[in-house]
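Participant: Assemble chain W onto chain Z, guided by the hints.
Note that the protein sequences, when read in sequence, are chains Z and W. Terminal number for the first sequence in the numbering used here: 437, no gaps in between. Terminal number for the second sequence in the numbering used here: 950, no gaps in between.
In short, the hints are calculated from the structure, not lab data. Watch out, some of these pointers could steer you wrong.
Computed cross-link-like contacts, DMTMM-like style, restricted to lysine to aspartate or glutamate with a CA-CA straight-line distance of at most 25 Å [as the list claims (entries may be wrong)]:
#, chain 1, residue 1, chain 2, residue 2
1, W, 884, Z, 312
2, Z, 300, W, 948
3, W, 884, W, 777
4, W, 884, W, 870
5, Z, 311, W, 921
6, W, 884, Z, 279
7, W, 815, W, 825
8, Z, 300, W, 620
9, W, 656, Z, 293
10, W, 619, W, 716
11, W, 882, Z, 318
12, W, 619, W, 661
13, Z, 300, W, 921
14, W, 656, Z, 269
15, Z, 300, W, 943
16, W, 884, Z, 322
17, W, 882, W, 620
18, W, 644, W, 921
19, Z, 300, W, 939
20, W, 884, Z, 283
21, Z, 300, W, 661
22, W, 882, Z, 283
23, Z, 300, W, 893
24, W, 884, Z, 318
25, Z, 311, W, 893
26, W, 884, W, 934
27, W, 641, W, 849
28, W, 826, W, 849
29, W, 882, Z, 322
30, Z, 311, Z, 269
31, Z, 300, W, 934
32, Z, 280, W, 948
33, Z, 300, W, 659
Computed from the model, here is a short list of chain Z residues facing chain W with C-beta under 7 Å [as the list claims (entries may be wrong)]:
#, residue
34, 295
35, 299
36, 303
37, 304
38, 314
39, 317
40, 360
Just so it is clear, CB atoms sit at the ideal spot from N, CA and C, and this is done for glycine as well.
Here's the letter readout for the chains.
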Amino acid sequence: MLRPDLAVIAANVAPGSRVLDVGCGDGTLMQALRNDKRCDARGMELDPADVGLCVGKGLSVIQGDADKDLAFYPDQSVDYAILSQTLQTTMRPDIVMEELLRIGRRAFVSFPNFGHWRVRVSLLWGGRMPVTRLLPIPWYQTPNIHHLTVEDFREFVKARGITVEGAWFLSGDKKCSDAAANFRAEHAVFLLSR
Amino acid sequence: MSTAQITDSSQVLDLTQPLPLDGGQSLPNARIAYETHGTLNAAKDNAILICHALTGDHHVVSNHPKTGKPGWWLRMVGPGKPIDTDRFFVICANVIGSCMGSTGPASLAGDGKPWGMRFPVITIRDMVRGHVALLDALGIESLYAVVGGSMGGMQALSLASNFPDRTRAALVIASTARHSAQNIAFHEVGRQSIMADPAWRDGDYYEAKENGGKGPEKGLSVARMAAHITYLSEAGLTEKFGRRLQNREEKTFGFDADFQIESYLRYQGLAFTDRFDANSYLYITRAMDYFDLAEEHGGLLANAFAKSKARYCLVSFDTDWLYPTADSRNVVHALNAAGLPVSFVELSAPFGHDSFLLDVPALDRVVEGFLGEGR
Chain Z
244 MLRPDLAVIA
254 ANVAPGSRVL
264 DVGCGDGTLM
274 QALRNDKRCD
284 ARGMELDPAD
294 VGLCVGKGLS
304 VIQGDADKDL
314 AFYPDQSVDY
324 AILSQTLQTT
334 MRPDIVMEEL
344 LRIGRRAFVS
354 FPNFGHWRVR
364 VSLLWGGRMP
374 VTRLLPIPWY
384 QTPNIHHLTV
394 EDFREFVKAR
404 GITVEGAWFL
414 SGDKKCSDAA
424 ANFRAEHAVF
434 LLSR
Chain W
576 MSTAQITDSS
586 QVLDLTQPLP
596 LDGGQSLPNA
606 RIAYETHGTL
616 NAAKDNAILI
626 CHALTGDHHV
636 VSNHPKTGKP
646 GWWLRMVGPG
656 KPIDTDRFFV
666 ICANVIGSCM
676 GSTGPASLAG
686 DGKPWGMRFP
696 VITIRDMVRG
706 HVALLDALGI
716 ESLYAVVGGS
726 MGGMQALSLA
736 SNFPDRTRAA
746 LVIASTARHS
756 AQNIAFHEVG
766 RQSIMADPAW
776 RDGDYYEAKE
786 NGGKGPEKGL
796 SVARMAAHIT
806 YLSEAGLTEK
816 FGRRLQNREE
826 KTFGFDADFQ
836 IESYLRYQGL
846 AFTDRFDANS
856 YLYITRAMDY
866 FDLAEEHGGL
876 LANAFAKSKA
886 RYCLVSFDTD
896 WLYPTADSRN
906 VVHALNAAGL
916 PVSFVELSAP
926 FGHDSFLLDV
936 PALDRVVEGF
946 LGEGR
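Here chain W stands alone, though its shape is the one from the complex:
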């Protein structure tokens, strides 16, 4: 199926078969960008798939090609770290719909022009189908574990549920089995912000950008600003910024970024546009909004795990109001009803939803413990 080599650098897999999609279409000539670390053993049973979040990518430990920043989960993944690459063969794949190497709306369609809004609407399960195609190509029948935070956790749940033979454990951090009305609402604000930017041009802005013009950076940065607030906690914002002013002694009685929080959000929004494609943001947020694992299985979440034999671990954070503890508990109750071995802990951390990416030593211990099985 592929000519992919298992090495330690960024790879691509070009699928020779069209990837079937939940929307009824299929995605031809799909490319999956991925990275692997560690060594796949002879039995091919020590592989861990790490699934990334909404704006993440497969550069889990390697430097980001555009920003040069270190890998997004460097603190968790590596030799001797909780996800130990001395023991495990770690795979991280970019989701389809993204703009970081896997096929997405900015990729070229069959006619040689960017897909743009012609790209089919995808789901979390479609992203997982891409991952499974990669596992097939790597010759991995069953993962030791699938691990993910936030949207990565949704993929982990979807994989364990829809491809029950493909993983023996699932570790789901700060995630949910379905997007709530509030989750959808925040995403819709972001999408409308992008679409309201005249430079979005119904998604057909790639040529203009190539010719030195503008894309919907304004809209995308506002979308990111709104979303970024949901990743933090009120207490965290208050501690970090409070009402402090930005490089000034007094308010200006104008609409400059007087407050540090304004300046911070503007910077976060702007920086985001350097590394992310606005159409990808539309498609991936849509996939998350469509996610409802129970709905895929007759409305009862326990049914989603009827064929699973995996071990599960769910972790939530007490300051995460985007995917609050109740969302994780909902999954735990379903797994219990399905009789599956499940662990769950709500950790205390000040950083809100973003806690899963930040310095929370208790999370390291849980991840290491769950994957280590007490060894």
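The shape of chain Z in the complex, shown without the other chains:
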């Protein structure tokens, strides 16, 4: 079973396409794309143990850092550049986004929505940085250094002239509407192009 945001991405990648999964973890999505969609999937992952797992699955994965190592990929060299649950962990999300759209003809980006009502309630009533089901790590240990909301992201892509080709908003494994997304979605998935 794929994580819900990965399932959305897997379902919307065109069969047989070339894919770069940035922050591919243990290669679950790459495997699904290779096996079910005959994709030529490549990956990048920071954690050497995860890279080892990927290589063990026969996947082509490079140990690398989204903030530093995307520069070495040629322009428009893949059909999709994928960044799932990684944007909020990068040092410079804006530069990483530019790189994704330079390398990929399209980009899938998924992230946890910091505007979700539980997060808001937690901060409003508790007065503390939220620790929720999807953001379970306290502020001093979290890899999520650039929290963002659905609304933040919409504004970000609009300001940069990036086209939103598709957007999916998830609460658990259920979809929610565009209008309610900033309040109700735990996860957002965007398909972007330039």
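Facilitator: Using the frame of chain Z, we list chain W on its own:
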């Protein structure tokens, strides 16, 4: 071309054609010593060529004929091991220029005397030409994979680049696509040490040795001592030796091997001279120094892989300062630019450059995974 039989023991192949060399000369009557393990299947598509390092040899799993020590990659190669001889036909060939069975400066030239310094200067690509001649003789058109660490990794890259039809995968461990100034510098120290030994006699010491005299063992052992330091990490040296004294309570205020590290290096240097020829050391280090895969292909490393269709995997070690991670990344970026499927991982291991030969379970998993393709 040859009468070589495919068996499980050490073999030789005598080339009937002169081997063309990058230096413009060719090597007549070249002999390639090699070993094979496992069974070549009917389609002849399960062969893996293992390329050895600077002072290595083809005894990858069999005992060394001179030292009696077990094969140098016994932990990696064998039935059920990461390079599985139940599945793969494993070939390991001694490089030309060596002194372990393939033709090198200690071999006899046409006039019946050792080549010595008359031996032509060779390159990594020349070594690979020898390997390819062996593949021809074995009837292997395309390797399942070529695998090598250190200088073996250079051969793997050279083979995949210069003979793109001859391999479908390349696994390159703790290696580089070109020798850096620092790499060349350390090798030059070793060569000068050999050449400064009066017993080197311009490379013409074989007769003296045969008559019970000395060869340049002193120089060769110092060369090995210097090189050995580059194979280890500072942390590894500190942990293994620290400032501990060798079989004594106090410093002697002399120049004996007071420290354990001194004693260890002296032993390593001396032991090396029992198994290796000084002239071979000169020629092989030169070949490594000349190695620059980009230079061979118009200065752009990505061009070196333009005709390749192979899968690649590169592995570096965080404590390897001889061929640091940046060297592997350089190759990875070129392979990416060439659009080839490439994996890369920097593994954490305390042993410095030598990590590729030692107990690093994470390396076993990567090797097994890459060669197994997820099966």
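Participant: Hint by hint, note whether the structure agrees.
Facilitator: Now for the hints, and whether the structure bears them out:
no. : hint             : result
1   : W:884 with Z:312 : holds (23 Å)
2   : Z:300 with W:948 : holds (6 Å)
3   : W:884 with W:777 : violated (45 Å)
4   : W:884 with W:870 : holds (21 Å)
5   : Z:311 with W:921 : holds (16 Å)
6   : W:884 with Z:279 : holds (23 Å)
7   : W:815 with W:825 : holds (19 Å)
8   : Z:300 with W:620 : holds (21 Å)
9   : W:656 with Z:293 : holds (22 Å)
10  : W:619 with W:716 : holds (8 Å)
11  : W:882 with Z:318 : holds (20 Å)
12  : W:619 with W:661 : holds (15 Å)
13  : Z:300 with W:921 : holds (18 Å)
14  : W:656 with Z:269 : holds (23 Å)
15  : Z:300 with W:943 : holds (10 Å)
16  : W:884 with Z:322 : holds (20 Å)
17  : W:882 with W:620 : holds (20 Å)
18  : W:644 with W:921 : violated (30 Å)
19  : Z:300 with W:939 : holds (14 Å)
20  : W:884 with Z:283 : holds (14 Å)
21  : Z:300 with W:661 : holds (20 Å)
22  : W:882 with Z:283 : holds (19 Å)
23  : Z:300 with W:893 : holds (24 Å)
24  : W:884 with Z:318 : holds (21 Å)
25  : Z:311 with W:893 : holds (18 Å)
26  : W:884 with W:934 : violated (32 Å)
27  : W:641 with W:849 : holds (8 Å)
28  : W:826 with W:849 : violated (30 Å)
29  : W:882 with Z:322 : holds (23 Å)
30  : Z:311 with Z:269 : holds (20 Å)
31  : Z:300 with W:934 : holds (22 Å)
32  : Z:280 with W:948 : holds (18 Å)
33  : Z:300 with W:659 : holds (17 Å)
34  : 295              : holds (5 Å)
35  : 299              : holds (3 Å)
36  : 303              : holds (4 Å)
37  : 304              : holds (5 Å)
38  : 314              : violated (9 Å)
39  : 317              : holds (6 Å)
40  : 360              : violated (41 Å)
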